[in-house]
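Visitor: These protein sequence lines map, in sequence, to chains A and B. In short: position in the first sequence from 1, add 124, done, that's the numbering used here. In short: position in the second sequence from 1, add 124, done, that's the numbering used here.
Hint data in this document are derived by calculation from the structure and do not stem from the laboratory. Among the clues, some could well be false.
For chains that are exact copies, the list does not tell them apart, and a pair is met inside one copy or across any two.
[Said to hold, decoys possible] Using 25 Å as the maximum straight-line C-alpha spacing, the simulated PhoX-like pairs for lysine-lysine come out as follows:
id	residue 1	residue 2
1	K396	K595
2	K530	K396
3	K464	K595
4	K592	K560
On a predicted model such as this, the values are computed, not experimentally measured, just so you know.
Number of protein chains: 2
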Amino acid sequence: MKLYLCIVLLSFLPWTICGEKILVWYTEGSHWINMKPVLEELVHRGHQVTVLTPSTSMFMNTSEQALFDYEPFPVEVSQKEMEEIMEKHLHFAIYEMDHMNVLQIYMKVIELMETSMNVSLTLLDGVVKSDTLMNKLKAGKYDLLFSDPIYPGSDLVADILGIPLVFSLRFSLANNWERHCGQVPAPPSFVPGAMSKLTDKMSFSERVFNILFYALNDAVAEFSLTSKLDEYYTDIKGKPTSACELMGKADIWLMRTYWDFNFPHPFLPNFKYVGGIHCRPAKPLPKDIEEFVESSGDAGIVVFTLGSMINNLTAEKANMIASGLAQIPQKVLWRYSGEKPQSLGANTRIYNWIPQNDLLGHSKTKAFITHGGTNGIYEAIYHGVPMVGLPLFGDQPDNMVHMREKGAAISLDFNFITSEDLRDAVNTVITDKSYKANAMRLSAIHHDRPISPLDEAVFWIEFTMRHKGAKHLRVEAHNLTWYQYHCLDVVAFLLSVTLLLLYLLLKTCKFCLRKCCGRKDRKTKAE
Amino acid sequence: MKLYLCIVLLSFLPWTICGEKILVWYTEGSHWINMKPVLEELVHRGHQVTVLTPSTSMFMNTSEQALFDYEPFPVEVSQKEMEEIMEKHLHFAIYEMDHMNVLQIYMKVIELMETSMNVSLTLLDGVVKSDTLMNKLKAGKYDLLFSDPIYPGSDLVADILGIPLVFSLRFSLANNWERHCGQVPAPPSFVPGAMSKLTDKMSFSERVFNILFYALNDAVAEFSLTSKLDEYYTDIKGKPTSACELMGKADIWLMRTYWDFNFPHPFLPNFKYVGGIHCRPAKPLPKDIEEFVESSGDAGIVVFTLGSMINNLTAEKANMIASGLAQIPQKVLWRYSGEKPQSLGANTRIYNWIPQNDLLGHSKTKAFITHGGTNGIYEAIYHGVPMVGLPLFGDQPDNMVHMREKGAAISLDFNFITSEDLRDAVNTVITDKSYKANAMRLSAIHHDRPISPLDEAVFWIEFTMRHKGAKHLRVEAHNLTWYQYHCLDVVAFLLSVTLLLLYLLLKTCKFCLRKCCGRKDRKTKAE
């Protein structure tokens, strides 16, 4: 019927959109960068995409993309506040953390998480506490809500609107959401907690650390996030509501990694691994850059960026880096917005912006110096470029551990490196052929899959809309209590039965023995 | 280089095969039916497929398919012996089992498993104990071994030849192989053991049963299969060898189910669910059958088969069935090779063979009466036909539980039904529209996937050959002991540390208290 209507409408009104209506949850930074290609493809396939956009946003630019409809809403938090919080996060992660003990780090993490949570809830207020907006969304009759759960509340709104929900997620701290809300089994003996900097091959002490890491982060998450969210959700729904339970109702989790990057681990039918969605073949370079690249001769080039968050460094750091880069035979393209370092070599050029993907895909590129963001790493994997990591914060150190373990990168500690360390690392990943070979191996794994990550992501979003959900992929574990899940009640029952039987057996034996001996006693007495 | 050679050769010898060389392990029955479409597609794609074929085989016919090369080998077991064993299995499952208690059943199961294992090892002797054959296989330089592990030994031979291994598996009893050798997590609280006849929604007592089912079958498998295989493998390899460990080295497990049939459960990156490989769109029917089908009018037809194993029934059973079928308004096509039952209705026709898939895909088909083999069920799912199950043995009762739970079938007990039960069941699945709706829902899930099951199976076989294995998909759990996997050593350590700390705390408190009180005592005394 829908198809028929579609054909009829199309014959009269060629501009009528006959696809489904997709509501997109607000997000920021690299999360938005990862969602955009999927949304663009969905629009391209005839769907109508509406993006919820808070009045205060650092990355979502309503004027940027005429492709999407935007649903702006006012929020009671200023751009300045948002930027200050981000600055605080970065400062802690890059400069403060290394001078703190574990307790201090966790106290600070809790403080920062609570601040973030307060901002998140203020943003969420802008949606769920606005009758006008909620009524508009209800009237919008959307077919699906698509969200990166990093900003909470999408599951609550999907639940209120009664529409299917698809998540796009890179990871959660110590896999908390995947394990507790998504019900993905993660035996701590070979599934390292996200951000633990562990690999899947763990020594005894690393396994001890991993278990404690899971436990500690679960406690932090419960204390500083979940309990607050539960309260908020309960308040909105007017009945006891668990945020994790609502999150667990997501139809599909599109995980932004794949087995080129991940250590293999158990997962569930509604978890789809679509890492590298944004990767593209390289386009030709702008003329000036191409000329510089070509001038590198056989030595080739090195591409260097610390990502979109870091535009500036201390003069000391910048000089240390520049001096290290000056000592390598390659030409270097460095994305950097700070003041030109004095020690900058003739082989190094600084750019405010570089076409990173096109450079990584260039035949002259020998290595990639990166902060270790997932997006950059995936571009390097896509093009098979070995890496030197200068991870700064968040998942970056952990990401670089993945690449180091897979033999495609060397990872350095940004706070303690010297220019010689940087020089040696770059030289090593270029001259030791194993790094290139491993990067090419990961690239082969990345490219050689039955369906491209973008197509797979779009497929499962469309599948969820076609079938009004994907509940046939949802494990029954969601409906069990923790003790039922681990069969503790069954074990207790079986143990009790065994003990009871043992007791009865003992009693019977004792009784028989007494009978036997008693008879003997009586016999002896009678004799 | 290979590609270059290929192009050069092709330009001179158009008949030269430039694909990879695939060795296929011998198997029987529906296992062979399931492997054949994959092999045909592989041949179609230019690979050279060589099938190991024992001189005694009930299903593998070396003259049947000119597509494949055959590598026949003599075995010291006669066709008669093989058929007798199969007959014994069937007789036990269909007639004896219902009159036995659990202990008797398990004793019989162990006896039958041991007999089968002895035959399997005799077949295996034919390969690994024949120097001629082993040398020929080594010289053959195969790129991959493809096998259904139901006949053991393929992992041993893949190991000896040093080539990648891909399994095609429907299931193992209580998921023993998947859990223990494949390392797939299967929490017994929501993952029912294969053949347990349980669903993923279990009551407390069902969970107790499931745990006991797992434990009991693990013990049976260990006692009657694994220990013998370990001995055999150790003998051949000349060093302690675990069959399960070798099985766990398989690069890819192609599981012959999908989420249209399975209850959702955890799995691993090297497990691919490709159920329905053999399903095809319906072809036109032979003229006489088409005429009979068309003569059914609006009432439509019912397709009835008990599979390729059951060609005969007792006169009593056959009459009971015929009488039930005579009472339904549909025309019935019954695949049956026994004597024509006296009570056969005018609406029922008996055939030695029916084009099952083409009939199930016919628009007049209203229901499918089936023994519940996976292949038949998948054809019914493919075409969206509701089912009445008359499961007999093996996985059939369990398969029908899946279809019943998903609302697409009624399952009857073959040993205790009356003609009225059969009539009512067929009438119900036809008149109660929910059965058709659910069958169509499963059909939609079956068809609506990113890549067809056949293409997916072929993709992962070719992937494994292209990359000389798929070890990047293999979880680290394979390299852990059972207590490491469950972190029992870590838990013991953490518990010890906690107890030690508690002890020290108590001691310190006691010491302080004594110090304190002692001083007071002394003070009092001094006063």
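Visitor: With identical chains treated as interchangeable, where does the CA-CA distance between K530 and K396 reach 25 Å or less: within a copy, between copies, both, or neither?
Guide: Classified as both; 22 Å inside a copy, 23 Å across copies.
Visitor: Reference check for the pair K592 and K560, CA-CA at most 25 Å: within, between, both, or neither?
Guide: Answer is between; shortest inter-copy Cα gap is 19 Å, intra-copy 45 Å.
Visitor: Reference check for the pair K464 and K595, CA-CA at most 25 Å: within, between, both, or neither?
Guide: neither (56 Å within a copy, 46 Å between copies)
Visitor: Using 25 Å as the alpha-carbon threshold, which applies to K396 and K595: within, between, both, or neither?
Guide: Classified as both: same-chain Cα gap 15 Å, cross-chain 20 Å, threshold 25 Å.
This entry does not satisfy hint 3, going by the numbered hints stated previously; all others are met.
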